[in-house]
Every structure is written in structure tokens, then in C-alpha cells.
Amino acid sequence: MAVIEIRDLTYSYPLTEQPALKHLNLQVEKGEFVAIVGPNGAGKSTLCYTIAGFVPHFFRGELQGTVRVAGKDTQESSLNQWVLNVGLVFQNPFNQISGAKVTVYEELAFGLENLGVPREEMVPRLEEVMQLTDIEDLADRSPYALSGGQQQRVALASILVMQPQVLVLDEPTSQLDPIGTREVFQVIKNMSASGMTVVMAEHKVEWVAAFADRVVALSEGETLLMGTPGEVLTDPELPKHGVNVSRYTRVARAATAQGLWPQERPLPVTLDEALEGFSRESA
Amino acid sequence: MRIEIQNLEFSYPSGVEALRGLSFTIMPGEKLAIVGQNGAGKTTLVKHFNGLLKPTNGWVLVGDWDTREHTVAKLASRVGYVYQNPDEQLFSRTVEQEVAVGPKNLGYAQERVQALVADALALTHLVDQRQTNPYDLSPTWRKMVAMASIIAMDTPVIIFDEPTTGQDANSVARIGEIVDVLNRQGKTVITITHDIDFAADHFERLIAMGQGIVLLDSPMLEGIAQEKILAATYVDPPQITRLGMRLGLPKIVKDTQAFLDTYRRTLSEDPPPNRA
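Residue numbers (our numbering), protein chains in the order written: chain A, 364 to 646; chain B, 148 to 423.
Calculated from the structure, these hints are not laboratory results.
Each hint should be verified, as a subset may be incorrect.
DEER-style ranges, computed between Cβ atoms [claimed, not checked]:
| id | chain 1 | residue 1 | chain 2 | residue 2 | range |
| --- | --- | --- | --- | --- | --- |
| 1 | B | GLN404 | A | PRO629 | 16 to 24 angstroms |
| 2 | B | LEU199 | A | GLU499 | 27 to 35 angstroms |
| 3 | A | ASN477 | B | GLU151 | 34 to 42 angstroms |
| 4 | A | GLY424 | B | ASN154 | 55 to 63 angstroms |
| 5 | B | LYS221 | A | GLU639 | 51 to 59 angstroms |
| 6 | A | GLU639 | B | ASP213 | 49 to 57 angstroms |
| 7 | A | PRO599 | B | GLN404 | 17 to 25 angstroms |
| 8 | B | GLY254 | A | ASP371 | 51 to 59 angstroms |
| 9 | B | GLY168 | A | GLU490 | 33 to 41 angstroms |
| 10 | B | HIS272 | A | ASP371 | 30 to 38 angstroms |
| 11 | A | GLY479 | B | GLY254 | 56 to 64 angstroms |
Remember, it's a predicted structure, so these values are computed and weren't measured experimentally.
Idealized CB from N, CA, C, for every residue including glycine.
Between the sequences and the hints, there should be enough to build the whole structure, so can you do that?
Dropping the structure here:
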């Protein structure tokens with residue numbers, strides 16, 4: 364069953380001439396983990412906002428086509444109803460923090476309070492999510508007195524605790540070190556394995572290749588490519604459109620031209636794939 | 148301009164010991180990348196260079212100035228600091244006004260301000276956006292405005308805190324070019340970054356920090372091969388370096404060309420020395 368169904372979506376922000384998204388089609392199944400790649404300005408964030416209902420409900424502007432999430436049409440729903448099904452983790456975690464709470468613990472509880480979740484249910488959910496995102500030691504700190512990486516984990520936790528059917532993340536690991544990045548990808552992968560539908564905008568293509576089920580490459584508001592990570596991320600069209608390409612892909616492509624990578628072998632995106640192709644036995 | 152750090156310790160009012168005794172010197176015109184896990188103390192360290200933080204113990208000299216004896220406003224003429232989040236430093240109505248704030252505050256003559264602003268806008272590819280409100284730009288370009296506004300202050304030392312965060316391939320290349328140009332002008336360029344590939348591409352010295360101390364301080368090509376030390380502070384070697392090391396290449400490589408040259412040479416060694 365498709366949880367996200369986008370048909371022929373064209374969207375323009377108010378007072379702009381060029382649409383940010385053009386004739387976009389996307390269906391995402393329950394429990395699927397879809398990554399969106401593309402250069403800055405390609406429409407990744409706008410697509411995240413659209414699935415999360417901020418487009419058009421918060422940003423206004425003109426939306427054509429159909430956007431359905433969890434069986435509801437965005438044009439026929441309010442943002443208040445929408446957020447019950449969909450959670451958005453912002454690109455800049457600072458923008459997501461409510462400003463109404465003085466500790467991380469209270470910040471995490473803010474969404475649940477607004478939904479009227481009873482205290483005895485709230486407490487275990489908060490503890491579970493803090494453990495999952497490795498922020499238990501931050502519970503009593505001010506959400507504003509944190510490093511970028513810590514803030515990013517709090518922003519993720521504050522959405523996960525809502526247990527949305529659909530989780531949308533806009534570059535959720537941009538301020539994390541490599542271990543933190545791996546942990547966050549693993550948490551998100553586990554969420555998707557347990558049935559949560561995930562859409563994530565991300566530049567770090569090696570991580571996308573290792574964790575996502577499917578990849579959508581956007582360029583200038585249009586779908587450039589869609590398919591498995593291996594297909595999309597090694598496509599020779601990507602660099603021409605400014606989409607990030609893994610260094611492993613680039614080195615293998617250069618090696619092919621010099622006869623050091625077998626023509627028939629698919630290009631690698633991850634270290635393990637590159638190692639396999641370059642190890643002496645197969646060369 | 149030389150920066151000398153001696154037995155530097157710093158504790159936040161909360162009691163968190165962020166820096167636990169650092170000593171090293173940054174020579175004029177160096178290209179230094181500082182890496183390390185979240186919370187390692189990287190940002191705390193560089194905030195001592197422009198006096199935003201003052202040592203709990205030890206001292207920092209910027210040129211001949213002890214940062215304990217000079218204000219942030221004064222140190223701003225020697226050390227420029229580009230914040231990780233551009234929104235923390237932008238407030239003017241147009242890009243051009245924003246970029247002119249720094250050099251004006253330093254009291255430069257009007258012609259010099261104009262020349263510096265023009266150069267900074269050209270270097271950051273913002274010439275066509277000079278009349279735009281910074282907040283009408285995408286986060287990518289706001290970051291460029293933040294950089295331009297510090298570059299225009301023409302300080303001998305410039306610090307970029309996580310410059311490549313959330314940037315695409317083209318933008319990372321532009322930022323790398325800015326680093327190279329500033330360095331060719333003789334400036335000391337320092338970056339804090341999680342992007343070890345960016346560090347290896349554009350910087351010559353590597354310092355890895357962990358839990359408030361320096362774990363590693365070496366020329367880039369030697370530093371990136373110290374996989375164990377880097378792992379202790381959650382940093383992986385650059386991607387191509389890792390590939391070369393896993394394949395057992397005889398030399399440390401960090402870019403495609405060096406990798407392919409070295410790889411080809413190992414293939415042609417026939418039979419491999421250990422089987423001869």
C-alpha cells in the first residue's frame with residue numbers, strides 16, 4: 364500500500380516565477396526508506412515540506428496535482444490533522460526548537476503534551492527515544508545551550524517521540540561526526556524496518572547507498588532519476604547536474620577508462636563495493 | 148600572523164572541562180584543519196583565538212597580543228570567524244550592506260571598505276546578489292554571505308567553522324577555492340570540519356582533537372593515515388585513503404590520480420615481492 368502518493372505535483376512559492384517542483388510523481392510504500400539527492404536548490408527541502416504538509420499550509424503558494432499521505436489529500440486537510448501522521452525533522456535544528464521549554468526533556472515532551480498524551484504513557488516514550496538517539500545525558504540541559512550535533516539529535520528525538528507513520532528528514536546528519544551519522548542512519552533504518560515510512564533528503568551518498576531502499580535524484584525541481592541506490596547513484600548523468608557522486612564511484616569510473624576496473628562490473632558507491640572490485644583476485 | 152597556544156585550559160560555568168591543556172603554534176600562512184567528534188572542544192578552542200572565550204588557565208597569543216588583555220572587538224581586526232550557522236551573524240537589509248559592516252566597524256577608510264567588499268563579493272560569487280536581502284537567499288548562499296562578510300574584514304587569520312555542512316558538490320568546490328585563494332594571499336586559514344575529504348583536499352596540517360586535548364598534530368598526508376588515533380575521536384580517514392589502505396597500497400593516497408598511479412604499479416609487480 365502506498366503511504367505517500369504524489370501525482371503530477373507542480374508547486375510555486377508565493378511571489379516566485381519558477382516552480383520549485385515540476386510535474387513530480389512519487390509513490391512510497393509503507394516501511395520504505397526513500398532518499399532524495401540533488402544539488403542545493405533542486406527542490407529537496409520543498410519536497411520534504413510538501414510531504415510534511417508545510418507546503419502549502421504554512422508556505423502558501425500555488426500547488427497543482429495531488430499529494431496524498433496516509434490516505435488523506437493535503438488540499439482537503441489542515442496542518443493540525445496532518446502532523447498526527449507525518450513528522451518533519453528540519454535541516455537547521457535551531458529552527459525546530461520550540462523556544463517554549465527550558466530543558467531538553469520538556470522540549471521532547473512538548474509535542475506529546477499538545478496531543479494530550481497521558482503522563483504515564485509519555486514518560487516511557489520519552490525515555491525510550493532519548494536512549495535511541497543517545498541524548499540521555501542532555502535531559503536537563505537547555506535546548507539552546509547545545510552543540511550543533513547535539514541539537515540535531517534532540518530535533519530527531521522530538522519527532523520520533525511522536526511516533527509518526529511517516530518520517531520526513533531534511534539532511535538530519537549535516538552537523539554530526541561520522542559515528543553520529545552512522546548511528547542516526549541506523550536508528551532511521553530500524554524505524555523503517557518496524558514499519559515507519561521514511562523520506563530523507565541527504566547529500567551523503569555513501570550512507571544513502573548503504574541504508575536506503577530507493578533513491579530519487581532531483582534537479583531543478585524535476586525528477587532526474589529514480590531507482591535503487593546502485594542504479595541512481597552511479598548514473599553518469601549525475602555529475603552534469605551537480606548531484607553529489609561518491610568518491611568511490613569517481614575513482615572506479617576513472618579506473619574503467621584506464622582498464623583498471625572491469626567494463627562489465629557495476630560501479631561502486633560504498634567502500635565495500637570498491638574494495639571488492641579493486642582487490643587483486645578480481646582485477 | 149602567528150598564533151601561540153600555551154597550556155590552554157577552559158571550563159564552562161557548568162563545570163564542563165572543554166579544553167584540558169593544549170599547546171601548539173600556528174605559523175603565518177598555514178592551512179590548518181581541526182577535526183574531531185562532536186563535543187571534542189574544536190569550537191571552544193577557536194573561540195579563544197578571537198577572544199570570544201578567555202582561558203581558565205594558560206594563554207593564547209595572536210601576534211603579540213595576549214587574548215586575555217584585548218577585547219573581542221579589537222581581536223576582530225586580526226582573527227575573522229565565520230560561524231557554523233550563518234543565521235547567527237546576518238542582520239542587514241542587503242548583501243552589500245551586510246558585507247560592509249565588518250570593515251566599517253574596523254574603521255577602514257571608505258575607499259578601502261568599498262574595495263574589500265567588491266573583492267569579497269567577487270570571491271564568493273555574490274556580485275549579482277549585492278542588492279538582495281540575505282534572508283531571501285537559500286541557506287547555501289546565506290553561508291556565502293556570512294563568509295564574504297568576514298573575508299571583507301581582511302584579517303590575517305580567518306576561521307571557517309564547518310563550512311561544508313549541508314553544501315552540495317559545486318558549493319563545496321567553491322568553498323575550497325575560497326580557502327585556496329585566501330591562503331595564496333598569505334592569510335592563515337583554519338577550518339573546523341567533520342568533512343575529512345574536504346580537509347584533505349585543501350589543508351596542509353591536521354589536528355585531531357578528542358575530549359579537550361590534541362590527539363594528533365601532523366602534516367595532512369601523514370595525519371590522515373593514523374586510522375586508530377582518528378577512530379578514537381570518531382573520524383575516518385578520507386575515502387580514497389581508506390580504500391588505498393584496505394587494499395594494502397604501499398603509499399598513502401588521498402586523491403583519484405595518486406590512487407590509480409599507485410594501484411597500477413602494485414598490479415604490475417609480478418610476482419608480488421613476498422612470493423618471490
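The hints, checked one at a time:
1. B:GLN404 x A:PRO629: 16 to 24 angstroms: holds (23 angstroms)
2. B:LEU199 x A:GLU499: 27 to 35 angstroms: Taking Cβ atoms as reference, LEU199 of chain B and GLU499 of chain A lie about 30 angstroms apart, which means the hint holds.
3. A:ASN477 x B:GLU151: 34 to 42 angstroms: Hint violated: Cβ distance 53 angstroms, outside 34 to 42 angstroms.
4. A:GLY424 x B:ASN154: 55 to 63 angstroms: For GLY424 of chain A and ASN154 of chain B the Cβ distance comes to about 57 angstroms; the hint holds.
5. B:LYS221 x A:GLU639: 51 to 59 angstroms: holds (57 angstroms)
6. A:GLU639 x B:ASP213: 49 to 57 angstroms: Holds, since GLU639 of chain A and ASP213 of chain B (Cβ atoms, about 55 angstroms apart) stay within the stated range.
7. A:PRO599 x B:GLN404: 17 to 25 angstroms: Once the Cβ atoms are compared, 20 angstroms apart, the range 17 to 25 angstroms for GLN404 of chain B and PRO599 of chain A holds.
8. B:GLY254 x A:ASP371: 51 to 59 angstroms: holds (58 angstroms)
9. B:GLY168 x A:GLU490: 33 to 41 angstroms: For GLY168 of chain B and GLU490 of chain A the Cβ distance comes to about 37 angstroms; the hint holds.
10. B:HIS272 x A:ASP371: 30 to 38 angstroms: holds (35 angstroms)
11. A:GLY479 x B:GLY254: 56 to 64 angstroms: With Cβ atoms ~58 angstroms apart, the hint holds.
Going down the numbered hints, you'll see the structure goes against just number 3.
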